[in-house]
Amino acid sequence: MTNNFASRRRVSLTWRLALLSVLGLMISMPFVWMVASSFKQRAEVEQPQIVPHHATAHNYPIVLTLEKEPVQNKKLDLQFGRWYFNSVFMAFGTTLLQVLTSALAAYAFARLKWKGRDQVFMLYLATMMIPSVVLTIPNFQGMVSLHFINTYHGLIIPVAFSAFGTFLLRQFMMSVSPALDEAATIDGANHWQIFWDIVMPLARPGLIALTVMTFLGSYQSFFWPLIMLNDGQLFPMSVGMMSLDTSYGRQTELIMAATVMNIAPLIIVFSIFQKYLVSGLQLGGVKG
Amino acid sequence: MKKLFSICAVLFVAMYAVAQATMVHPKEDGKVHLKWATDPNPARVVQTSAFGTMFPDTAVAVDPNASGDSTKVIVQCATGTGADLMDVTADKMQSLVEAGILLDLTPYAKTLGFDPSHTYPSLQKALLVEGKQYAFPCNVAVDAIVFNKKIFDDHGVAYPKPDWTYDDFVRVSKELQDKPSKAGNKDIPFANNDGNGFVNNAIVGCGGQYFTADGLHSTLNSPEVIKAVQLYADMMYKDKVIPTPMDSANMSAQGGWGSGGLTIFSGGKAAMVETGRWYICQLPNFPEMQGHIGAVPLPRVGDRPSGGACGARGAGVNAKSLHWRESLKFLQYLASPQYSKIIVDDGDSLPPDPNLASSGKALVNDIVPDPEFHQAFVTAINNAKPIQYSPFIDAAITSRWYTEYVQKVENRILTPPQAMKMLAAQIDQQIRTNLERRPDLQKKYEQVTGKQYTPDWS
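Quick note, the sequences are listed as chains A and B, same order. Everything in the first sequence is counted per the numbering used here, starting at 144 for the first residue and increasing by one. Everything in the second sequence is counted per the numbering used here, starting at -11 for the first residue and increasing by one.
Because the hints were derived from the structure by calculation, they are not lab data. Even glycine gets a Cβ: it sits at the ideal position worked out from N, Cα and C.
Simulated DEER-style distance windows between Cβ atoms: (1) LEU268(A) <-> THR59(B): 23 to 31 Å; (2) ARG388(B) <-> PHE365(A): 18 to 26 Å; (3) ARG426(B) <-> LEU345(A): 53 to 61 Å; (4) ASN343(B) <-> PHE365(A): 39 to 47 Å; (5) SER169(B) <-> SER164(A): 36 to 44 Å; (6) LEU243(A) <-> GLY119(B): 53 to 61 Å; (7) PHE365(A) <-> ILE385(B): 22 to 30 Å; (8) LYS258(A) <-> GLU118(B): 58 to 66 Å; (9) MET317(A) <-> VAL33(B): 57 to 65 Å; (10) LEU345(A) <-> LEU(-1)(B): 18 to 26 Å; (11) THR59(B) <-> ILE329(A): 53 to 61 Å; (12) GLY18(B) <-> PHE365(A): 34 to 42 Å; (13) ALA161(A) <-> MET11(B): 53 to 61 Å.
Produce the entire structure from the sequences given, and follow the hints as far as they go.
Next up, the structure:
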């Protein structure tokens, strides 16, 4: 009986492992293809074999403009370092401001009692239902009026506020016992102190989850920077890399080399915080 | 927590200061600096610098606009902040004009030397919307059949000759299929690079068009158009000389030929491809192809002369640009022989100035020194016609529906007559709806027909 059970369990485990391996392979294939293509030459870049016949590491120094592009025999007109910095800077700035503003708003919705609070919160959440594409022209017009076109703040400030972030952190803050606030108030703490010293540390899993999600989203943002910027010096990587796709042909091997370098910060951030990301979302999902 | 946020805030401010401090601002040189929304391909460096030489008081810089995507241009121009100059193609021109984005160039074109008479007669209509000029070509696109001489030699098949017919095309393709490769290579006669383009060329070759001259009815159900689409379908499914979409997918999966027809051709796996002269810009990426390519004009249909569709990537001026007067200089530059010479040399399609494309010899450059290759494109542009769109329906919608129905034929969901009849009916219905809803179109109807618009006009 025990042997039979153990055998069935082994078979079930084997099947599950096999299924997960296949799924894992399917998910990782685009990444493997991306890395492999970054070491291929142009002539074989769109061929499906993973391992290059004539592997080359030159695509990386070409993208970094350390080497000449062999066909044109000159260095490409790319500002890779600048675009890299811009991507990190914009993602960092957006994340910092969005987490801060969301936390402040969430505190107001979760811990303060004021007339119409829940109605205002519902109204705030309702903004999530408006498709972003509908808001593109009005938002862009707003940026024009504020003279924010072609500026860093034009990219950061409009996305420094998030209904989703507010919702997520509100759920966390509602799970913190009100008794702590009351005790702090008795000890003479004001709202500012309660916010920073009591509620924020206890909402840490939610803050980390929001930080990771915002950073990943901002780092990859494409459409808003595309329409906001005309000056190549301000481009993030996502927009700058389009310079490798021109009417002279798509330089896929260089795009892949740039992409491999581009996603490095994302992988680092995700690897460090993935534990908090999953647990944070689960926690935010069940409490409140 | 407060400390962490404070550190991050300081870091953010420091990064902002570094970002601002390291920005390179254009020097105050007294010049007017124009922005040109176009794809940032390497040839732009030479093109913009030559403009600066011709007009020293004006400079133009590229506002990178990838792959002809017009979203950025539309959003920016709609709010009055777009680039001074922008790329325009015939199928997008009408929408841009209706949105008030493009400047009417007619009052200035003749005086400044960039009116339609400065480019190919076959292309002149494509620069106009309702008789007014809104663009001047940057380069001119027309297709020919480009072939790989190595594959023809390997199979022992004679190269195609000008003045050939579609029957000859099928015969040559079958010969390539039937005669084995001496080197034992597996290749195909034709790489299907762009089904829509192939059919468009065949439509013009058969004497068809999308619309009647007044634009009030679609002629996509005409015998000429149906014949063209049938020709395409037959080559895929009856003669089996053009890869079907399924064949192309299988090639990608089995043989490593990639997905695009040009990739297949450039990889030396297809004997022929239908493409423009711009293909040679990519040749330096495929050194094994150099010295081995030839070109012939598109095949004729029956007794009709060889002919295909032509088009242009033109430049238009942003009507809300503060520098629209200076932007006109750029169009003068595009019409100049200096600019056309750059296009001849870099191989980016045909130059806008027909005088520099008078013969294959005139187009010879370092990439392809064979005059016969270039002559195919000279013949093609002389016989080409642009696809005509209707002012009563958005050209982008027409193009999208056309693509959908061509795909239905490619995938054998519909026969060519069924597909084209349904497409024409759909377009005609949309024209009727547009006319019912839009008084401006009703006025246009009255101008075109000389009759008063009534709801039962059709």
